[in-house]
Amino acid sequence: MWQSLGNTVIFTLISTVPLVIVSFLLAYLVVAGLPGQWLWRLTFFTPYLLPVSVVTAMWGVMFANDFGFINGILQHLNIGQVGWLSDKHVAMWSIALTTVWWTVGFNFLLYLSALQNIPDQVYEAAQIDGAGPWRRLVSVTLPIIRPTTIMIILLQILASLKVFDQIFLLTAGGPDGATRSIIQYIYDTGFSGYRVGYASAVSYIFFAIIVLISLFQMAVVSRGRQEHK
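Those letters in the sequence shown? Residues 20 to 248, by our numbering.
Hints were generated in silico from the structure; no laboratory data involved. Quantities reported herein were computed from a predicted structural model and do not represent experimental measurements. Just so you know, not all the hints are guaranteed correct.
Said to hold, decoys possible - Derived Cβ-Cβ restraints for the label pairs, each shown as a range:
(1) 52 with 193: 41 to 47 Å
(2) 238 with 69: 32 to 38 Å
(3) 149 with 94: 52 to 58 Å
(4) 52 with 181: 36 to 42 Å
(5) 32 with 241: 25 to 31 Å
(6) 217 with 139: 57 to 63 Å
(7) 37 with 94: 25 to 31 Å
(8) 86 with 242: 50 to 56 Å
(9) 149 with 56: 24 to 30 Å
(10) 228 with 69: 28 to 34 Å
(11) 97 with 156: 37 to 43 Å
Beta carbons: idealized from backbone N, C-alpha and C, even for Gly.
Work out the full structure: start from the sequences and follow the hints.
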């Protein structure tokens, strides 16, 4: 159980951080006037509309050892093959990369909405005060969208803690249990190991953790709304 819980925490960390950073950067580029905004919005959000089976099938082919697209590039560059899904030190990173590509569009839309709601007068006032682009980003943009950032982080933590589909379809928890999440541990224990009582106890504990995080999220969002009234 502890290995699966540790795997879940690791996945949460290595997927949440890039998802928050990348989604903000994409939204900021679009709001800053990137040419072809509608095309970029469609490009960034489309992967999120794909079912998990399609996403994992596509990335599974790209990660394949012998005929995979990524290893093909490495071979062309005279670099050795990498066991993207078969190496226990790399597999979780590969799953995190797949997850970031798949779900970054949702956070992108949240950030895009928050950035578009910032009044132009705020930036104009900062510019009059002599603030450059970097200072406006750090002192104006980031503080204003802080509630959105907190909400995205908490939503991503909740989603990452409940990860199952992409791990099960890409590695089935392997190799050697290196990517097995706590949800898959509960599933394997109850339905494969026939230890239903123990699996139920673990699921109740995990459910309590999710509830506590959800309550914390609600409190943070409520506080953010009160501060902006």
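Structure-based check of all given hints:
| no. | hint | result |
| --- | --- | --- |
| 1 | 52 with 193: 41 to 47 Å | holds (46 Å) |
| 2 | 238 with 69: 32 to 38 Å | holds (34 Å) |
| 3 | 149 with 94: 52 to 58 Å | holds (53 Å) |
| 4 | 52 with 181: 36 to 42 Å | holds (37 Å) |
| 5 | 32 with 241: 25 to 31 Å | holds (26 Å) |
| 6 | 217 with 139: 57 to 63 Å | holds (58 Å) |
| 7 | 37 with 94: 25 to 31 Å | holds (27 Å) |
| 8 | 86 with 242: 50 to 56 Å | holds (52 Å) |
| 9 | 149 with 56: 24 to 30 Å | holds (29 Å) |
| 10 | 228 with 69: 28 to 34 Å | holds (29 Å) |
| 11 | 97 with 156: 37 to 43 Å | holds (41 Å) |
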